[in-house]
Amino acid sequence: MRYLESALINLAKKVGRVSLENVASPTGGAPLPEADASNMDVLLNSWAEATKVQHATRQELRSKLFADGALRSEGAVAVATRDIVFSSPSAASATALGRASSNGRIEWKTQDGQTLSAWEQSVG
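Residue numbers (the numbering used here): 7 to 130.
To be clear, the hints were calculated from the coordinates, so they are not data collected in a lab. Note that this is a predicted model, so its numbers are computed, not measured. Hints may be right or wrong, so weigh each one.
[What the hints assert, rightly or not] Label pairs and their in silico Cβ distance ranges:
no.	residue 1	residue 2	range
1	L26	N109	10 to 20 Å
2	M46	A124	17 to 27 Å
3	V129	V59	30 to 40 Å
Glycine is no exception: its CB is placed at the ideal position from the N, C-alpha and C atoms.
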C-alpha cells in the first residue's frame, strides 16, 4: 500500500491540480520485487488513462450542455436550466463542476447548504 500511496502522491504533485494535505513525502515503503512494482505501475497507468478519458468525456458533455443552454454560468457555479438525466448524483456533479469525478452526495446542496446525503437521510 505504501508503494501505491507514494506513487499517487508523487503523481498528484507532478500534475499540480490539487493541493495536498499530506505534507510528508512517503518513501514508498520497502522496495517491491520488480514484477510487483511493474504490476503496480501498470495499474496506476491504467487508472490514470481511464481518468483522462472520463474527464475528457465529461468536459465534452459539459460543453454541449452549455452550448444548448441546458447549463448556464452563474458566477462560479453552473446552473441547470432544465432537467438533465444522469446515471448518478456523482456523474451529474462531476459534469457540472468540470471534473473527472466528484462525490455528488456531498457536492449537491440545498439552498440552505444541506448536502444531498444529509437531505436523503432526513426524508428517508
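Against the structure, the hints come out as follows:
{"no.": "1", "hint": "L26 x N109: 10 to 20 Å", "verdict": "holds (18 Å)"}
{"no.": "2", "hint": "M46 x A124: 17 to 27 Å", "verdict": "violated (37 Å)"}
{"no.": "3", "hint": "V129 x V59: 30 to 40 Å", "verdict": "holds (36 Å)"}
The structure does not agree with numbered hint 2 stated previously, though it agrees with all others.
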